[in-house]
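With the hints as constraints, model all of the structure from the sequences given.
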Amino acid sequence: MNRNVIFFAVASVLLAGCHTDMWRQNKSAPLSQNDFFPDGQASRPLLAGTIAKGHERKDDAFFTGAKGGKWVNELPVPLSKKLLLRGQERYNIFCSPCHGQVGDGNGMIANRGFTLKRPVGNYHTDRLRNMPVGHFYDVITNGYGTMYSYASRIEPSDRWAIVAYVKALQLSQNAPLADADPVALEESLKPKEDKAHAEGAKH
Amino acid sequence: MAQIFKPSANHITTAALYGVVLGVPTVWLAIAALSRSPANTKVNVPINQPVPFSHQHHAWELGIDCRYCHANVEKSSYAGVPSTETCMSCHSQIWKNSPLLEPVRQSYETGTPLKWNLVNQLPHFVHFNHSIHVARGINCNTCHGPVQHMHITYKGNPFQMKWCLECHRAPDRHIYKDESRPDLEPRQQVFNLYWKYQKDGLKGLNLRERSLMVGTFDGTNDGKERAKGKELVKYYGIKVQQLADCSVCHY
Numbered sequence: 001m002n003r004n005v006i007f008f009a010v011a012s013v014l015l016a017g018c019h020t021d022m023w024r025q026n027k028s029a030p031l032s033q034n035d036f037f038p039d040g041q042a043s044r045p046l047l048a049g050t051i052a053k054g055h056e057r058k059d060d061a062f063f064t065g066a067k068g069g070k071w072v073n074e075l076p077v078p079l080s081k082k083l084l085l086r087g088q089e090r091y092n093i094f095c096s097p098c099h100g101q102v103g104d105g106n107g108m109i110a111n112r113g114f115t116l117k118r119p120v121g122n123y124h125t126d127r128l129r130n131m132p133v134g135h136f137y138d139v140i141t142n143g144y145g146t147m148y149s150y151a152s153r154i155e156p157s158d159r160w161a162i163v164a165y166v167k168a169l170q171l172s173q174n175a176p177l178a179d180a181d182p183v184a185l186e187e188s189l190k191p192k193e194d195k196a197h198a199e200g201a202k203h
Numbered sequence: 001m002a003q004i005f006k007p008s009a010n011h012i013t014t015a016a017l018y019g020v021v022l023g024v025p026t027v028w029l030a031i032a033a034l035s036r037s038p039a040n041t042k043v044n045v046p047i048n049q050p051v052p053f054s055h056q057h058h059a060w061e062l063g064i065d066c067r068y069c070h071a072n073v074e075k076s077s078y079a080g081v082p083s084t085e086t087c088m089s090c091h092s093q094i095w096k097n098s099p100l101l102e103p104v105r106q107s108y109e110t111g112t113p114l115k116w117n118l119v120n121q122l123p124h125f126v127h128f129n130h131s132i133h134v135a136r137g138i139n140c141n142t143c144h145g146p147v148q149h150m151h152i153t154y155k156g157n158p159f160q161m162k163w164c165l166e167c168h169r170a171p172d173r174h175i176y177k178d179e180s181r182p183d184l185e186p187r188q189q190v191f192n193l194y195w196k197y198q199k200d201g202l203k204g205l206n207l208r209e210r211s212l213m214v215g216t217f218d219g220t221n222d223g224k225e226r227a228k229g230k231e232l233v234k235y236y237g238i239k240v241q242q243l244a245d246c247s248v249c250h251y
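Those protein sequence lines, which keep their order, are chains A and B. One point on numbering: in the working numbering, the residue at position 9 of the first sequence is 9, and numbering is uninterrupted. One point on numbering: in the working numbering, the residue at position 84 of the second sequence is 84, and numbering is uninterrupted.
Derived by calculation from the structure, the hints in this document are not laboratory data. Careful: at least some of the hints might be erroneous.
[Said to hold, decoys possible] On the chain A side, residues computed to face chain B include the following (Cβ under 7 Å): (1) V5; (2) M22; (3) W23; (4) Q25; (5) P30; (6) L31; (7) D39; (8) G40; (9) Q41; (10) R44; (11) I93; (12) P97; (13) Y148.
[Said to hold, decoys possible] From chain A, some residues computed to sit far from chain B (all C-beta separations above 12 Å): (14) P38; (15) I51; (16) K58; (17) E74; (18) L85; (19) N92; (20) D126; (21) R127; (22) L128; (23) T146.
Here the structure is a predicted model, which means the values were calculated and not measured. Where is the CB? At the ideal position from N, CA and C, for every residue including glycine.
This is the structure in structure tokens:
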């Protein structure tokens, strides 16, 4: 009896940590591998046309940027400062590497060779200034020419926030002087650190 | 009756006693040292990857936001590594003939994902969640080391239970608010720090931010900073008493 107790006590100390089957369990995490499927992924892609319960995409204008075969001309979401700020944040993450922070097509990546084949879009042209908002939504969703689709990383509500911000950028770069707030204008004409210079420090 | 033990047995007994007294702790310490050494924890050991992807190049020199590639880190438990499509959104045009990028192009053409070797991995009986940590303004580098300067990604911290608990027991040593940007949400402050560092270099940062960017931040012991941390902990409603309960991470 006594011997057994000692034996088990010693054995349990010596064998502790020998089992590692709980460390690597036979379960799948996002992005883990599974050789059962031809593409080796454990997470299966959704079949075309899959709709999660309660997520039917009925609102064409919101989900495709077009209604009745024509691009919508008005934002399908209420415009607010919050929306613009969200748009600014998302724009700086996903678009500014190529299009630049002011949308002139002079981002870091554009300068590093993306323009070799076709120039990165500049938002400040008459054609794009007159383009309905639906077109911008469509470019983010489906890509445009050499620009890839961003649909997998930006959800529809954020895409509209970006569109609103791009429209604001267009206004900001092409505003008539009469629209400017006189106080802010005077402030902006005072000599101070050049914005382009501050950005240049990044390069 | 003949003697069983010769006089020399005395020496053997003494030696054995010393051996037990000194040897056991030595072995104990050796095991403890080994389990904390990079050989076991893999801290600072760069991991081979199918493509020599460099964060130093993409995140620092090109200034691409972490979220361009790790798009889910703010809203999901899992940060995830980017899809091949994400690489191709640039590399369909840039360096499109580079032999280093051949596996990326192969993967894109065949639809078979790249197999990145995980650098950070917890045992499966531990649950971790990125979104809650990012939502409390905890910078990626607190846990991952100076990622934006890594040529080949390596682990910045051991991720042993003791290490997680050091923060969970006293989150006020880590939580802070960037006072130069009160308009930012905590989650935005995490990424803004990289932009700030890009723009002004180390000179533009305070002590804490500097050590975060260099990857040496280990919690503050400064009384004033901790008092501010405590206030934030209260403001966020973090229940410090429960944060170190086993069931937070093991369930």
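Checked hints:
With its C-beta approaching chain B no nearer than about 21 Å, V5 (chain A) sits outside the 7 Å limit, and its interface hint is violated. Among the interface hints, the one on M22 (chain A) holds; its C-beta lies about 5 Å from the nearest C-beta in chain B, closer than the 7 Å criterion. About 4 Å separates the beta-carbon of W23 (chain A) from the nearest beta-carbon of chain B, less than 7 Å, and the hint is met. For Q25 (chain A), the shortest C-beta to C-beta distance to chain B is roughly 4 Å, which falls under 7 Å, so the interface hint holds.
Interface restraint check for P30 (chain A): the shortest CB-CB distance to chain B comes to about 5 Å, inside 7 Å, so the restraint holds. Interface restraint check for L31 (chain A): the shortest CB-CB distance to chain B comes to about 6 Å, inside 7 Å, so the restraint holds. The criterion of a C-beta within 7 Å of any C-beta in chain B is met by D39 (chain A), whose closest approach is roughly 5 Å, and the hint holds. For G40 (chain A), the suggested interface contact is upheld, since its CB lies about 6 Å from the closest CB of chain B, less than 7 Å.
With a least beta-carbon distance of about 6 Å to chain B, the hint placing Q41 (chain A) at the interface is held under the 7 Å criterion. Look at R44 (chain A): its Cβ only gets to about 13 Å from chain B, farther than 7 Å, so that hint breaks. Taken as an interface hint, I93 (chain A) checks out: its beta carbon lies about 4 Å from the nearest beta carbon of chain B, inside 7 Å. Because the beta carbon of P97 (chain A) sits about 6 Å from the nearest beta carbon in chain B, less than 7 Å, this interface hint is met.
Of the supplied interface hints, the one on Y148 (chain A) holds, with its beta-carbon coming within about 4 Å of a beta-carbon of chain B, less than 7 Å. In this structure P38 (chain A) is not separated from chain B by more than 12 Å, as the shortest Cβ-Cβ distance comes to only about 8 Å. With 12 Å as the threshold on Cβ separation, the claim that I51 (chain A) sits away from chain B holds: the shortest Cβ distance comes to roughly 21 Å. With a closest Cβ-Cβ approach of about 24 Å to chain B, K58 (chain A) is found to remain outside the 12 Å limit, as its non-interface label requires.
The claim that E74 (chain A) lies off the interface holds: its Cβ sits roughly 28 Å from the closest Cβ of chain B, which is beyond the 12 Å cut-off. At roughly 9 Å from the closest C-beta of chain B, the C-beta of L85 (chain A) falls inside 12 Å, breaking its exclusion from the interface. Non-interface call for N92 (chain A) relative to chain B: violated, since the shortest CB-CB distance, roughly 7 Å, does not exceed 12 Å. Remark: the non-interface label on D126 (chain A) is consistent with the geometry, its nearest Cβ contact in chain B lying 26 Å away (cut-off 12 Å).
Taking the minimum C-beta to C-beta distance to chain B, about 22 Å, the non-interface status of R127 (chain A) holds against the 12 Å cut. Every CB of chain B lies more than 12 Å from the CB of L128 (chain A), the least distance being 20 Å, so the non-interface label holds. With a least beta-carbon separation of about 6 Å from chain B, T146 (chain A) fails to lie farther than 12 Å from that chain, contradicting its non-interface assignment.
When the structure is compared with the earlier hints, violations turn up for hints 1, 10, 14, 18, 19, 23 and for no others.
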